[in-house]
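Participant: Sequence:
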Amino acid sequence: GALRIDVSAKIPTNRWLTYEVQIRDQQNKLLVAALKNAWREAGVWSEEGETGTWQEDDLQAGLDLAASQSEPITISIEILEYATTANQALQEPVPFRIEVNQGIIDTRHLWPGLIGGFILAVLTALFSRSTGTTLINKEIADSDLGDRATLGGPKQLIKVMVEIESDETSPATLNCALLVRDGNGEVLHTAVQAVPLRFSKDEDGEITSVRGKAVYYFVLEKPGSYGFYAEVTPDQPVDSTRLIVKQGVRTTGAVEVIHISAPSA
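Just so we're aligned, residue 6 is where the sequence shown starts under this note's numbering, counting upward by one.
Accuracy of the hints is not assured; some may be wrong.
As the list claims (entries may be wrong) - Derived DEER-like restraints, expressed as beta-carbon distance ranges:
no. : residue 1 : residue 2 : range
1   : D147      : Q32       : 38 to 48 Å
2   : K34       : V260      : 19 to 29 Å
3   : R102      : Q32       : 40 to 50 Å
Hints listed in this document are in silico derivations from the structure and should not be mistaken for laboratory results.
Cβ atoms here follow ideal geometry from the backbone N, Cα and C, with glycine treated the same way.
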């Protein structure tokens, strides 16, 4: 039957983290994985002479696994990034709540850069290095960036994320154009997204951070060298841009996937 797994991070206000949840079988084969960008923010609002406080968060990731037979599995959580909304990197443990079939709860603390997990009915802590599914992770203090990696294959789902930080003069949305190039530099595909921005404020109503993210999914039929190049416009308010490319991801729901056929010889 189906197995439901819910993971929720517990972090203080005005912090964010990126974590990955992986489920593996007894042979350590990856069954399903999900990447979560979690955050908790609070601030003060003022409008027409009235003021108040607000608080929002998005901390939970969920996975559904259709199991053909009953067998032990390993659930692992890896913290990829952890920082304040002012973009100050943190090296602190993060507690997680894990629920499996509404029966098993785990609240162990994990440190950034480490993976923690447990085998059902055994609850064994695991710590290891990154699985290596992230092929590109590049950040620059500009609006344009790109990088190249060897990846692809008809059964490999590729997730491309463009994370944007901008200043208080930003409009409500920015445009992100992503170009995919083959090994010869020829453009295979161009995808454009309107990226809504999230404005965070402190207790005095001052804007402390402005963030947005574009996400694309690809299947590149032929393995090879591919370049991914992002351009954010208008570029004046952009403080930094990060490009993340992961291969072999699995999603918890339906997503729009861009299929690129094998380049001509």
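Participant: Sort out which numbered hints this structure fails and list those numbers smallest first.
Facilitator: When the structure is compared with the hints, only number 3 turns out to be violated.
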